[in-house]
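*Asks:* Chain by chain, the residues run as shown.
Protein chains: 2
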Amino acid sequence: MTVELISVGTEILLGNIVNTNAAWLSGQCAALGLACYYQSVVGDNAQRLREALKTALERSDAVILSGGLGPTTDDLTKETAAEAMGMPLVEDPRSLERIEEYFRVRGLEMTDNNKKQALVPAGAVVLDNDNGTAPGLILEKDGKRAILLPGPPNELIPMFEERVRPYLQRLEPGILYSRTVKICGIGESRAAAMVQDLIDTQTNPTIAPYAKTGEVHLRVTARAEREKEAKNLVKTVVKELEKRFGQDVYTTKEEVTLEQAVVELLLKRKMTVCTIESCTGGMLASRLINVPGVSETFRAGYITYSNRAKQKVAGVKKKTLEKYGAVSPQTAEEMARGAAKAAHADATVSVTGIAGPDGGSREKPVGLVYIGCHVGDRTVVQEYRFVGNRGKIRESAVSAALTLLRRCILTAEPAQ
Amino acid sequence: MTVELISVGTEILLGNIVNTNAAWLSGQCAALGLACYYQSVVGDNAQRLREALKTALERSDAVILSGGLGPTTDDLTKETAAEAMGMPLVEDPRSLERIEEYFRVRGLEMTDNNKKQALVPAGAVVLDNDNGTAPGLILEKDGKRAILLPGPPNELIPMFEERVRPYLQRLEPGILYSRTVKICGIGESRAAAMVQDLIDTQTNPTIAPYAKTGEVHLRVTARAEREKEAKNLVKTVVKELEKRFGQDVYTTKEEVTLEQAVVELLLKRKMTVCTIESCTGGMLASRLINVPGVSETFRAGYITYSNRAKQKVAGVKKKTLEKYGAVSPQTAEEMARGAAKAAHADATVSVTGIAGPDGGSREKPVGLVYIGCHVGDRTVVQEYRFVGNRGKIRESAVSAALTLLRRCILTAEPAQ
Chain F
1 MTVELISVGT EILLGNIVNT NAAWLSGQCA ALGLACYYQS VVGDNAQRLR EALKTALERS
61 DAVILSGGLG PTTDDLTKET AAEAMGMPLV EDPRSLERIE EYFRVRGLEM TDNNKKQALV
121 PAGAVVLDND NGTAPGLILE KDGKRAILLP GPPNELIPMF EERVRPYLQR LEPGILYSRT
181 VKICGIGESR AAAMVQDLID TQTNPTIAPY AKTGEVHLRV TARAEREKEA KNLVKTVVKE
241 LEKRFGQDVY TTKEEVTLEQ AVVELLLKRK MTVCTIESCT GGMLASRLIN VPGVSETFRA
301 GYITYSNRAK QKVAGVKKKT LEKYGAVSPQ TAEEMARGAA KAAHADATVS VTGIAGPDGG
361 SREKPVGLVY IGCHVGDRTV VQEYRFVGNR GKIRESAVSA ALTLLRRCIL TAEPAQ
Chain D
1 MTVELISVGT EILLGNIVNT NAAWLSGQCA ALGLACYYQS VVGDNAQRLR EALKTALERS
61 DAVILSGGLG PTTDDLTKET AAEAMGMPLV EDPRSLERIE EYFRVRGLEM TDNNKKQALV
121 PAGAVVLDND NGTAPGLILE KDGKRAILLP GPPNELIPMF EERVRPYLQR LEPGILYSRT
181 VKICGIGESR AAAMVQDLID TQTNPTIAPY AKTGEVHLRV TARAEREKEA KNLVKTVVKE
241 LEKRFGQDVY TTKEEVTLEQ AVVELLLKRK MTVCTIESCT GGMLASRLIN VPGVSETFRA
301 GYITYSNRAK QKVAGVKKKT LEKYGAVSPQ TAEEMARGAA KAAHADATVS VTGIAGPDGG
361 SREKPVGLVY IGCHVGDRTV VQEYRFVGNR GKIRESAVSA ALTLLRRCIL TAEPAQ
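As they're listed, the protein sequences go chains F and D. The UniProt record's numbering applies: residue 1 is where the first sequence begins, and numbers increase by one. The UniProt record's numbering applies: residue 1 is where the second sequence begins, and numbers increase by one.
Hints are computed from structural coordinates only; laboratory data are not their basis. We put the beta carbon where it would ideally sit given N, CA and C, even for glycine. One or more hints might be untrue.
Said to hold, decoys possible - Which residues of chain D face chain F? A few of them, derived with a C-beta cut under 10 Å, are:
#1 Cys29
#2 Arg106
#3 Thr236
#4 Ile303
#5 Gly315
Make a model of the complete structure from these sequences and hints.
*Replies:* See the structure below:
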């Protein structure tokens, strides 16, 4: 069964609000195994809504409309949908009673335009609204369905969960199940090339790659009659992806971030960590510290943006700074070793680079970054060349630092 | 002129990501005075994209497509748009060179699928992508326009700002001129109440409030035949807003961020700065360090997440930690004073709080944050109670820290 979404509201078209309803409803439909091929947004305009609904009803089995059910004159969804489905509006005594009750309980006066909310298309299923005045509606005709939901998320979500989901479940048996394989340290095109044969030949499950800064996520989605079957289909492909990408897969759990995977690894190995940052200036530490429970492992972080701070905090030698410069493998190494010593940390990662827009030279261009990683008594330094603006270069450096730290821990001898 | 948006990406239809691009682009179009009546979303499917684009080109003057410009086989936007506009694809030597350069600089191997990204519809305007490999495109035919932008926001936003906005501005005669009055340290509803009379009565210029974490932006927009006229209309309202909000206005320049205003203030006063962070863990320093030229003023940053680090780095007394706890005004004060001394900085800001989700108690709930600010020989400590998840609480704390630092500098005696 195919479903599509129409969000009604001029405030979305003006960019005043982000259409989180559409994302949430799409996710719900996907989880129900419903194919959703279109989302659209129209303003509070009867003619354009009529056209959009007509198009949607032609190409999809069900249309979920959200918004435009309120009491004001620019709320037109119900009237338009009733007209499109050829169902006249009649007063629903139960809805009228509920609306009157809503105002009575709150000690508010009910205005005439609220009565409008008790009009329903003849033959429609009325969905009670426990969190507002506008009831939801399901209109069915000739095998097509229009499902009307109120726009406020705190009304829409419970109404969907309590009434619409069970309704849709009855219409569409079968399950869509997804898992995401998250990879760090490999570019999108290389990762895609490594699985192109699978992408080209797989239809169930499908594999879809998504690029994030310094990461690639491969989403594996299967459709089956039963959950167990869908899970098994996905599992086989996830295993194959894990085989191909090996240690570069940092998680196969939807909710786990790279920094979380790093913190979990540190906790598992009972290692403490310390950061020392120049161009990333706290961004690396900040990502680690966003992981709840990091206090068990995070020793200290230093932001040594100036040469003076590098010398004072990490004991980087003046000679090193003079001879090789602040952005050099030598400085990255001394920063990592010095900070490890100062903080008594088992693992230390250092970042020094040129984030721009100024400060670059032909020899050392903007985007040049050295990352040092000191684990046990081994120090690894890697050179990177990132592009983009200052923010993008810093973000890329942070991802690379987390990736290098993770690799160094993985290749270190586990503590006995 | 009418414009509409098509977002391309199965991940949006599956509800994996929220369509923030559409909200941002809609806001930009509204600010340019372009009427946007439709937004739609289609997946990575050539046929459906073709139909959506055809419908859009029939009813609107310009269509902005985002997403689907990447190197993988499911990226189809360019091919589909070229076909719809009847423009064959040809290799663009300049784009090919840029993509080759992109890979060379990174020392990465360029795969064949990346070459695909250098194909452009014959006669299209190519928009360089400084933050990724896929160039944007503008296709014009028979008075209709298709504008193709990459999906990642960090590529889409700069490309729109640098190339698409000026292009659209030239198409729409008459002038829409905007300025933004940026306010820190006042909540959205209080700020809105302070200007409600203006919002209610003004039609040209209009005043639109936007809430950001810890900030409110009031966007003043005037429409006129000539730029000078529009600018004058805006100027009068901006002056009135400055009068009402006084020192809480940190800038009236579009591109200036709060951290930039703080750095500029520090530079103007020839003051050096230092940060010491617990729950924000580098996020405050990171925001300051994102400002180009900060090296002149940023002395050092310390991340003292553990009590031990607070004692060692800033000399916070063990007795203070035991008696009042790490999250207390006393600790915030000692952190600020101690870090100022360690870094020899003129201004120091400290943050200590409970970001959650664990670690809260009845007396000290999640969201409780103390911020200390030491300028000259005066130390100010303020208590805050933020709501939201861990990330949101940390962000709120960073905004509050920048706001407090700014106020303390403004009220300090200027150096003679």
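*Asks:* Next step is simple, just say for each hint if it's right about the structure.
*Replies:* Status of each hint after checking the structure:
no., hint, result
1, Cys29, "holds, 8 Å"
2, Arg106, "holds, 5 Å"
3, Thr236, "violated, 24 Å"
4, Ile303, "holds, 3 Å"
5, Gly315, "violated, 14 Å"
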